[in-house]
Amino acid sequence: MVKISTNRKRTLAFVLLGWVLLIISDRVGELRQYQGSFVAMYALAIASIILLTGYSGQLSLGHSALMAVGAYAGALSINNLKLHPALALIVAALIAGIFGLLLGFTVARLSGPYLAGTTLALAVSLPTVANQFPILGGEQGIIFDIGTPPSRFGEDFSQYKWFFWISALAALISIWMLSNLLASRYGRVFRALRDNSVAAQLSGINVGRLKAIAFSISSGIAGLAGGLLVMLISGVSPSAFPLSLSFALLTGAVVTGVYNLKGVMLGGLVLVAIPEIAESVVSRIGGSEGFTTTLPGFMVSALLILAVLFTPNGPGQLLHHHKKKH
Amino acid sequence: MLEFFTAVLTSLSTGAIYALMSTALVLVWRSTRVINFAQAGQAVLSTYIGYEVTTRSGSYWIGFIGAVLSGAIIGAGIDRFFMRPIFKRVKSGPIVMIAPVVATLGLLGIIQAIVGFVWGLNYLTIAAPVSTEGLKVFGSVIAFSPFNLMVLISVTLSMILLTILFQKTNLGLALRASAYSPEIAKLSGIKVEAIRTIGWALAGAAGGLAGMLYVPGSYLYPNSMEVLLVFGFIAAVIGGLDSLFGAVAGAMILGFAINFSTTYISYKLVFPTAFVILILVLLIKPGGVFSSKKGRKD
Amino acid sequence: MTLVVSNLTIDHGAIRAINNVSFQVATGQLTAIIGANGAGKTTLLRSLSGLKESKSGSATWNGDSILGRKSEDLARSGIMHVSDGKSVIAELTVKENLALTGLWRKDKKDVAKATEEVIELFPILGERLSQTSGSLSGGERQMLAIGRALIARPKLLLLDEPSLGLAPLIVEQIFQTIKSFVAKMNLTVVLVEQNAMGALKIADEGVVLNLGTAVASDSAKNLLNDPAVRAAYLGF
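Chains as they are written, first to last, in the numbering used here: chain A, 599 to 924; chain B, -2 to 295; chain C, 65 to 300.
These aren't lab readings, by the way, just hints derived from the structure by calculation.
Every value quoted in this text rests on a predicted model; they were computed, and no experiment measured them.
Careful, some of the hints might be misleading.
Label-pair restraints from in silico Cβ distances [unchecked claim]:
hint: 1; chain 1: A; residue 1: L904; chain 2: B; residue 2: L280; range: 36 to 44 Å
hint: 2; chain 1: A; residue 1: D743; chain 2: B; residue 2: S263; range: 29 to 37 Å
hint: 3; chain 1: C; residue 1: E236; chain 2: B; residue 2: F287; range: 57 to 65 Å
hint: 4; chain 1: A; residue 1: G885; chain 2: B; residue 2: T122; range: 18 to 26 Å
Which residues of chain B face chain A? A few of them, derived with a C-beta cut under 7 Å, are [what the hints assert, rightly or not]:
hint: 5; residue: I32
hint: 6; residue: V99
hint: 7; residue: I276
All C-beta atoms, glycine included, are put in the ideal place defined by N, C-alpha and C.
Please take these sequences and the hints and turn them into a complete structure.
Right, dumping it as structure tokens:
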């Protein structure tokens, strides 16, 4: 029998998953394709939170801002530099990564309340700052247009399917790279950092630098997700990145289990499903404008609290408990 | 000269409002070791209650009392019925470190949503009890109104009251002891958990007060206190997070920095100034500008 | 008024810190619990004052169970624990530290009287009332911690390593003071000590702990003369 290494197995699994997703995308309607692209985008953004919180023990409330950085960088490189959309998404990841590195060296070495508060400040203030630069288009923002799907895919190939292909592919490749990273020596060091940063320091690990690197990678992934998000809504503006987006991502990560990269699709699904559920609730019972607009936020927050109370270490923990009992 | 004079006055009155938020954050941080992000929600909820009372009674001052009292009750209730179960339930696993903070975020979202359900998303205003028109000095109108003066006086008075409470009363001694060393306080027979709840009540009252002083010069909507939360946090970090004096001084530093940079450089600089100050403090004196300790990483 | 500890077992994570330990302390008696660092002495005291959960066994004071109760309730019912590491609140003044145990007491006259008595017992504290406790020496902090406990008029005093980190001369002084006020106030005392010699000299009874297990339990006098104890804990 041929022995297959774990890395190979993982790669195979990702290829298989990608293939299955592509087949599914052929069989479902445009709405589902569009929602599928959001699931992929959210899954990617949640993966960036999990890397940061689950693997290096830092808490960021500013990932909406980091997504915005990537989104604006991507939009500018398409609109002003006329870059290819694929390249623009890579630029989005790179610029957000560099931004994350700069911020990381300043604050990521500080753990606990300082990082959480500073990233919160970033999330609240960055959209306001973005408003003030004419090149970023103010409140209205700027368009983000990746163009129609290539003609060689045929006339039936819809824009939504194209969105889905790009999002799913970007998410799969990035999460594949991330899980390889976490399975490597670096992943072990990150975990050591999270579990006991004092011990990690004593064993000669440069804690500050590694935390900054983790923060930077996480920011890069968030930037890519930001690029995907504005691709899906065809434009980038400050209002696309409210603080509540950061909270939603955190909720997705806690629901997934912050120590588990495998479940990110679940987190993505939950975030896409919540507005759907909220809408169906509203259509059934009606309600004021305040009710309609705030219901999704209420559900996200309630889910976050329930997850912290009942499955603080992810749904995997719950399964584990049940197994133990029986 | 007049511009400078005006900038000083507005710095003082905006700094005063930041000081209420930073004090609230520090009060909770000292007793619970959690940055209470729900503070923005508590403040906004008690301000809406203040708004409701003001409209129904027709008196700003009754609304004012309503906001401060309801702020205290909400704060105490959150500690007693929300934070305590969280601390009791989440005891194991690596998430223990972040669970309480994440819970306060969830709570912030819930409160904002509830406020949206009940009062809608429109911008509301609360009429100030005194004029918000700029004062006339030497024939020209400056950007400092009688209401700004009222803000300054109210905050100064409440800080004096808080100082007396903390330094001169038995309750204050219990509050300080429980914050510095919960274990020794417990072993001395002090009911630390109850004292902690009182700390949350004080913080909640400060939030309600901040809202009633902030909204007449601005607007009330479910997210209106997020900005104050951020400025309060920055002020608290400048002051070292642990010190009430530091929280007030940090708020004043922030108030002056923001008002002077917007007066003399550009009105666009509110957030950049605040953020740069935060980063500078974290880089140079992470333990707060008044600390002698080298750094703080907990 | 007796403290009865029977079959007490306490886990510290995966480690068994105290294993099936039993002993009794009669009213007005001083029992020393001695043993090396890591023997579980501090853990034992922490469970008696409600700071640490126990796994099994019981501990009663005058017949009432004290395990699993809140520290502040135990403190108010007369069980005072002076924890190790010179447990004073460094940010508060000496006066404020002393006031902590009087805050909840109804009889303010007696609080004032008890405070006076403590200052009489430790005159140095009286000279430093308005200093912050962080500026005190190690010995002074220990006096402050004990003095604060005494102001509550305790019935049972749990003392954790009062000699820790103190100069030999001061250690002697502290032990003598403990002996004198215990006799005067008719206190029941559990004294946990690494300094076995010093502790046994002032104790009535002694318990020797080794890796969480009570390996010897006898009158202090007998333990002092026991060759095995002498060799293992007294250093000669």
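Results of checking the hints against the structure:
1. For the hinted restraint 36 to 44 Å between L904 (chain A) and L280 (chain B), the CB-CB distance of approximately 38 Å keeps it satisfied.
2. One distance hint, 29 to 37 Å for the beta-carbon pair D743 (chain A) and S263 (chain B), holds here, with the actual separation near 32 Å.
3. Against the hinted window of 57 to 65 Å, the Cβ-Cβ separation of E236 (chain C) and F287 (chain B) comes to about 42 Å, which falls outside the hint.
4. Evaluation of the 18 to 26 Å hint for G885 (chain A) and T122 (chain B) yields a pass: the beta carbon distance comes to about 25 Å.
5. Restraint check, I32 (chain B) versus chain A: the minimum CB separation of about 4 Å is within 7 Å; hint holds.
6. Contact between V99 (chain B) and chain A, as hinted, is supported at the beta carbon level, the nearest pair being about 5 Å apart and thus within 7 Å.
7. For I276 (chain B), the suggested interface contact is upheld, since its CB lies about 5 Å from the closest CB of chain A, less than 7 Å.
Figure legend: structure checked against the earlier numbered hints; the only hint not met is number 3.
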